[in-house]
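If you want the building blocks of each chain, they are given just below.
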Amino acid sequence: MKLRSKHLLGLEGMTKEEITLILDTAEPFKEILERPIRIVPTLRGVTVVNLFYEPSTRTRISFELAEKRLSAEVISFSATTSSVKKGETLKDTVRNIEAMKIDMVVVRHQCSGVPYFLTQCLDSSIINAGDGAHEHPTQALLDLFTIREKYKKIRGLKVVIVGDIKYSRVARSDIWGFTTMGAKVAVCGPTTLLPYEIEKMGIEVHHDVDEALEGADVVNVLRIQLERQKGGFLPSLREYTNKFGINVDRLKRLNENFTIMHPGPINRGVEITPEVADGPYSVILNQVTNGVAIRMAVLYLLSGGEGKVE
Amino acid sequence: MPKKIKTVLVMDAKTIERALIRIAHEIVEKNKGAENMAVIGIKNRGEYLAQRVASLIEKIEGVQIPVGLMDITLYRDDIQTKLEQPLVQKTEIPFDVRDRVIILVDDVLFTGRTIRAALDQIIDFGRPRCIQLAVLVDRGHRELPIRADYVGKNIPTAKSERVKVKIKEVDGEDSVSIVKH
Chain A
1 MKLRSKHLLG LEGMTKEEIT LILDTAEPFK EILERPIRIV PTLRGVTVVN LFYEPSTRTR
61 ISFELAEKRL SAEVISFSAT TSSVKKGETL KDTVRNIEAM KIDMVVVRHQ CSGVPYFLTQ
121 CLDSSIINAG DGAHEHPTQA LLDLFTIREK YKKIRGLKVV IVGDIKYSRV ARSDIWGFTT
181 MGAKVAVCGP TTLLPYEIEK MGIEVHHDVD EALEGADVVN VLRIQLERQK GGFLPSLREY
241 TNKFGINVDR LKRLNENFTI MHPGPINRGV EITPEVADGP YSVILNQVTN GVAIRMAVLY
301 LLSGGEGKVE
Chain B
1 MPKKIKTVLV MDAKTIERAL IRIAHEIVEK NKGAENMAVI GIKNRGEYLA QRVASLIEKI
61 EGVQIPVGLM DITLYRDDIQ TKLEQPLVQK TEIPFDVRDR VIILVDDVLF TGRTIRAALD
121 QIIDFGRPRC IQLAVLVDRG HRELPIRADY VGKNIPTAKS ERVKVKIKEV DGEDSVSIVK
181 H
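Taken in sequence, the protein lines are chains A and B.
For the first sequence, position 180 matches number 180 in my numbering, and the numbering has no gaps at all.
For the second sequence, position 134 matches number 134 in my numbering, and the numbering has no gaps at all.
Bear in mind the hints are in silico, worked out from the structure with no lab data behind them.
Just so you know, even glycine gets a beta-carbon here, dropped at the ideal spot from N, CA and C.
Don't take every hint at face value.
Partner residues aside, some chain A positions facing chain B, computed with beta carbon under 10 Å [said to hold, decoys possible]:
(1) LEU21
(2) GLU31
(3) LEU33
(4) LYS150
(5) SER303
Please put together the full structure from these sequences, using the hints given.
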């Protein structure tokens with residue numbers, strides 16, 4: 001069993017077997033994080049470039065730690081302190097970096113499709129760390145891992161994704177991932193933040209959060225991306241909090257042993273109240289821990305021998 | 001004409017049991033007891049051999065011997081040359097290896113590369129007092145300066161032959177055989 005591609009661009013089109021392989025591989029990697037020396041020599045001699053065109057705390061540190069714990073050589077690049085400022089194009093930038101001999105590129109970019117574009121101009125393995133409103137596959141994989149860890153299964157669970165579905169790459173990757181693994185997925189948000197025809201992804205669509213939460217096992221609360229709210233999608237944040245914010249009162253509609261997830265960073269008091277975010281059913285920090293194990297698994301599975309074909 | 005495959009049985013269940021009992025006694029003799037000892041088996045079949053060796057030592061000495069298991073995939077030296085990444089399995093060392101006598105157990109000693117990986121991995125868990133190696137079969141053809149302290153049976157082989165170890169817990173029976181192509 002192996003992954004069919006040497007790149008990880010998204011969960012769209014990935015099979016259940018491939019996702020299961022990544023989740024299974026992440027389990028032994030999680031144990032490494034508990035060891036006295038949290039490092040294994042597996043990717044010695046492999047050079048990974050982290051190409052971050054957008055700000056990031058969790059994903060960036062998580063990838064860096066995952067790479068370092070596998071003994072890879074890590075180069076971190078951020079657009080704000082590079083020749084991108086002088087107007088160098090993306091293609092020129094990456095081709096110059098690759099000319100210095102590298103093996104893998106982890107990329108975060110504000111435009112959808114950049115990771116795919118890189119596969120067309122580089123020989124390295126490309127890992128998508130979030131592209132525009134397209135996909136954020138490692139986030140969805142760590143969500144799947146966290147849920148499987150708690151329930152020992154994914155099939156049959158009802159997962160509700162609440163918030164800004166339109167601009168959320170996490171939502172898209174989660175929808176692909178959870179539906180492929182056999183969960184029932186529903187999305188909920190204000191009409192302005194729900195993409196047209198999203199139900200064609202095979203999911204339920206709700207405009208009323210109380211209705212959406214009825215009988216759900218997992219609630220993934222998305223961040224209201226404050227930087228994108230100048231477009232007038234919401235009358236006010238207060239109205240959003242009243243109509244869609246997840247508070248203790250709304251949790252009553254969920255199934256027993258429910259779970260609250262959030263990909264971070266949290267706007268406390270906007271999409272989720274602090275009591276819910278810090279409650280015993282919240283797995284937000286487990287998600288962060290599991291993120292390192294998932295990224296180690298992805299790096300491990302995508303590195304290695306020659307002769308892999310797309 | 002299809003190639004003829006010949007299988008020769010070299011150890012049966014009884015011989016394996018006798019060899020393990022002797023190994024357990026040799027371990028206790030060499031270390032003058034079993035104090036501060038732990039056994040680590042290398043996945044897959046070494047895991048079960050380790051459990052058997054540990055319980056044999058427990059019977060002889062009347063002390064509890066902690067058992068760990070180890071997957072050495074992440075320490076392999078051929079990981080970037082293989083076509084397909086090998087499946088990584090769990091490593092469980094539920095004790096502190098520092099200052100312990102570690103008995104490393106595997107089914108077959110061949111090139112020595114697996115043992116090299118296992119030694120590196122154990123030392124990343126801490127500094128044991130010593131590491132000793134017990135194997136059911138030593139088939140020769142070492143590629144590294146590694147030898148076993150306890151050997152169930154030395155089996156001279158040609159490099160092209162395969163040594164097939166079967167263990168009750170995995171394969172339903174205990175046996176060692178040589179497969180000739």
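Now the hints, each set against the structure:
For LEU21 of chain A, the shortest C-beta to C-beta distance to chain B is roughly 8 Å, which falls under 10 Å, so the interface hint holds. Given the 10 Å rule on beta carbons, the hint for GLU31 of chain A holds: about 6 Å separates it from the nearest Cβ of chain B. With 10 Å as the threshold, the beta carbon of LEU33 of chain A stays out of range of chain B, its nearest partner Cβ sitting at about 12 Å, so the hint is violated. Annotation: LYS150 of chain A was flagged as interfacial toward chain B, and the flag is violated, the nearest CB pair being 19 Å apart, outside 10 Å.
With a cut of 10 Å, the hint placing SER303 of chain A at the interface with chain B holds, because the nearest CB-to-CB distance is about 7 Å.
In summary, the structure is inconsistent with hints 3, 4 from the numbered list given earlier, while agreeing with the others.
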